[in-house]
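Novice: So the protein lines, in turn, are chains V and S. Following full-length UniProt numbering, the numbering of the first sequence begins with 1 at its first residue and continues without gaps. Following full-length UniProt numbering, the numbering of the second sequence begins with 1 at its first residue and continues without gaps.
Hints are not guaranteed to be accurate.
Derived lysine-lysine pairs resembling DSBU-like cross-links, with alpha carbons at most 35 Å apart [as the list claims (entries may be wrong)]: (1) V:Lys226 - S:Lys230; (2) S:Lys338 - S:Lys246; (3) S:Lys338 - S:Lys230; (4) S:Lys226 - S:Lys171; (5) V:Lys230 - S:Lys338; (6) V:Lys230 - S:Lys18; (7) V:Lys171 - S:Lys18.
It should be emphasised that the hints constitute simulated quantities derived from the structure, not laboratory data.
Protein chains: 2
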Amino acid sequence: MNLLFDERLDGELPRRDKAEVLAELQTALPGMTLLHREEDLRPFECDGLAAYRVLPMLVALPSDLDQVVTLMRRCHELGVPVVTRGAGTGLSGGALPLERGVLLVMSRFQRILSIDPEARIARVQPGVRNLAISEAAAPHGLYYAPDPSSQIACSIGGNVAENAGGVHCLKYGLTVHNVLALEIVTLEGERMRLGGEALDAPGFDLLALFNGSEGMLGVVTEVTVKLLPKPETAKVLMASFDDVGKAGQAVGDIIAAGIVPGGLEMMDNLAIRAAEDFIHAGYPVEAEAILLCELDGVEADVDDDVDTVRGVLESAGATDIRLARDEAERARFWSGRKNAFPAVGRISPDYYCMDGTIPRRALPEVLGTIAALSTEYDLRVANVFHAGDGNMHPLILFDANREGELERAEALGGRILEACVAAGGSITGEHGVGREKINQMCVQFPTGELTTFHAVKAAFDPVGLLNPGKNIPTLARCAEFGAMHVHHGELPHPELPRF
Amino acid sequence: MNLLFDERLDGELPRRDKAEVLAELQTALPGMTLLHREEDLRPFECDGLAAYRVLPMLVALPSDLDQVVTLMRRCHELGVPVVTRGAGTGLSGGALPLERGVLLVMSRFQRILSIDPEARIARVQPGVRNLAISEAAAPHGLYYAPDPSSQIACSIGGNVAENAGGVHCLKYGLTVHNVLALEIVTLEGERMRLGGEALDAPGFDLLALFNGSEGMLGVVTEVTVKLLPKPETAKVLMASFDDVGKAGQAVGDIIAAGIVPGGLEMMDNLAIRAAEDFIHAGYPVEAEAILLCELDGVEADVDDDVDTVRGVLESAGATDIRLARDEAERARFWSGRKNAFPAVGRISPDYYCMDGTIPRRALPEVLGTIAALSTEYDLRVANVFHAGDGNMHPLILFDANREGELERAEALGGRILEACVAAGGSITGEHGVGREKINQMCVQFPTGELTTFHAVKAAFDPVGLLNPGKNIPTLARCAEFGAMHVHHGELPHPELPRF
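Same shape as in the complex, but just chain V (with noise of 0.2 Å):
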């Protein structure tokens, strides 16, 4: 994936003398941690999307607080740009360095402050990992819903940027919807607290406007997170299809029965057979498709919507279908999902993760196309991902040592987002926009919308140094793009161009 853009923007960009920088930086915060030499800044180049790799100018690992407001007071008054960073495990190069810019890293910020198990509430420093809120709530019988595959890594402040989804979020809700209050920092070092305890707050909803912000409005310094109840039980349906339609059919017909699943995941052959040679699930190896079907809530409860959901899916055309019998096979049946992408880089030299969402009704349609393109370019797709709420994760396999076919990966990708849009979905589900997806949202929203979107970055960052270059492209860049509006699902031209 080509890095020119980089290039060009921190060509854009202010070049300060990298030893004043830190000269004043130290100078301003001598107990902070502030890593320069290359060695030192090595390991921080990139994040989950290890195709773009930048080196920072400086790397800032502050510990408390007034570290971060002097950091960022400091940074605006030299008019250096700031790359916020928390686990770096985030998909979409959201967290990818500035050679010009300072990389705050928040992963020191790893404090529970305060577990409220009557409110339901847990308050928590940025750094926090995704999976350790629920283990510190467990003792109480509470967990934090919103579960991104990278959850025993990642970090709720790193959700908060990209209103990081899951395996649940179709029942539980993305990150913005499991996120009470923020602290924030802005870039002129000024604290503010966004939302609260309460259901709603007066003013204008800033707090929801923060979630997915991707470090452009300011830098999450604590978080007060919802804690749901554990589900007195869980149960998981598998079943198997001759076709990929028709399981993508029997994904809307259960939500129509009235049916909100815990988690209602696909699963094409190419993903079940790697998956199934890697993890050893119990996959029907021979199947299309299968769909994965969690229901958790009360026992009674739970054994009816089984019930129904089994009627459903036999009316769908499966041709198997298995409960999980016990707690050991249901996570068997859930490892060989969660290993899917591992699986899949098994069988291929290389591969390509798109991230695409699109109406649960046109899944046989999209599903469709994506098996007709993956013909035209020769490349096969894996197809693994949450049916449920329409977020799709076709793979596309490639090797990158054959002449041309990154090239073919790229342009056969930009069609299969180009496919999701031109079904009213959108190009990013859950990975976010970050660095990857930034000509795409010229691809997105007309010049209206983007317009609209910098000046409300500009309502927190007038200048511009907060994440410059991630998340909102600017109208030149779009005009350069050869800016393609595509506006309720129309595509103006046929073709997506290459990004």
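Given chain V, put chain S in place with the hints provided.
Specialist: Below, chain S without anything else, positioned relative to chain V:
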């Protein structure tokens, strides 16, 4: 309630010659209804907060999107402020007209555009009544969850503007949690689509920002809402208490027991007596407080929950617990609650309805504070409110014809809101800020937050023509008001100025 600031506000706005504006708009929009004679304007001089009245310069009643676009463009060009109004049922004066502005009334946008039972989505025009959505969805076994008391009359566009709640918002969320997409028209007459059917959208969350923005960012011209399946069954428990604090404690206990009731409402003795006298709901008139707890869902599940809640209520010291025997009794129990405001209106010449939100755990304490303040100010206060989400509606009873009572009621109201903020709550739960709470916003938010609100407003409306003087106070107003900044529930000064 004083209107001093209205006059001042209008004084700050550009004065355009009425005849000239009328002629301009008539020329630009020959087919649109445009009211200009005093007798035609009179019905629009206030919304549900009838104490505040201003005759608008003109009233525009467009009937299609093109008219809205043209109207906004012309008003922008002419520099004429625009206040948008839905059904006019709002309780905070959000749709109070401006003497120098156009009142844009969206009541003719009455069409239900589509209902998709499979995707569980309704696409409607903004003038559609809240209840009409549920009525239209009923044949599919679906309904629209947020149910403000005014749901027979209020329109979905107004619900979005105020982020309306209702009895069921504890379980099913506010308007923002039930709206998937909006079509809006900006001040400059540009159309935009915010959100979509997908769970998440890239870019900043302008959809959430629009909910509760009180007409300050644009005009809502279409709303796409989630529909939910009607619960299989709903049962209501009524518990009596000999002490208000015990009832408040029971609310927290129910939630802490892992139950999320469909509705959890509280009434104190004064409200109970007034409602019983009016509706004959079968309420225990000797009780100091009652809780109404509705549990909805699948039959077996609801029965389990009824048992659990009954146990919690007993432990909390309920003196009597009754389960509504049938649908008729359930309806009667709710009828008393839903008619509590008019019932209180029958026992007092005037009443002033407050709307503050506090964390649930603070209920016993704040109820105690209200009782003490009621004695101190020698005015009766009836409490009837959404206890489950800590949204209080103290009704202050007074007689405006008795010297000084209105002023005492206002002062008492200020003290009650002060107590809400000091307990970590907010100055409004579901009624919005509008014109009524504009000064309290200076108390709720420090200068930094207010500055950010203004910057966000400017992202959509840099010239300040959309509903000026509502929702977000100017810094000048706060300075004049003697802005005391409350942050994290701490009041720097013990007294809250009158409003």
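Novice: Run every hint past the structure and note whether it holds.
Specialist: Results for each hint:
1. V:Lys226 - S:Lys230: holds, 26 Å
2. S:Lys338 - S:Lys246: Status holds; Cα separation ~23 Å.
3. S:Lys338 - S:Lys230: holds, 20 Å
4. S:Lys226 - S:Lys171: holds, 14 Å
5. V:Lys230 - S:Lys338: holds, 34 Å
6. V:Lys230 - S:Lys18: Not satisfied, since the Cα-Cα distance of roughly 62 Å exceeds 35 Å.
7. V:Lys171 - S:Lys18: violated, 53 Å
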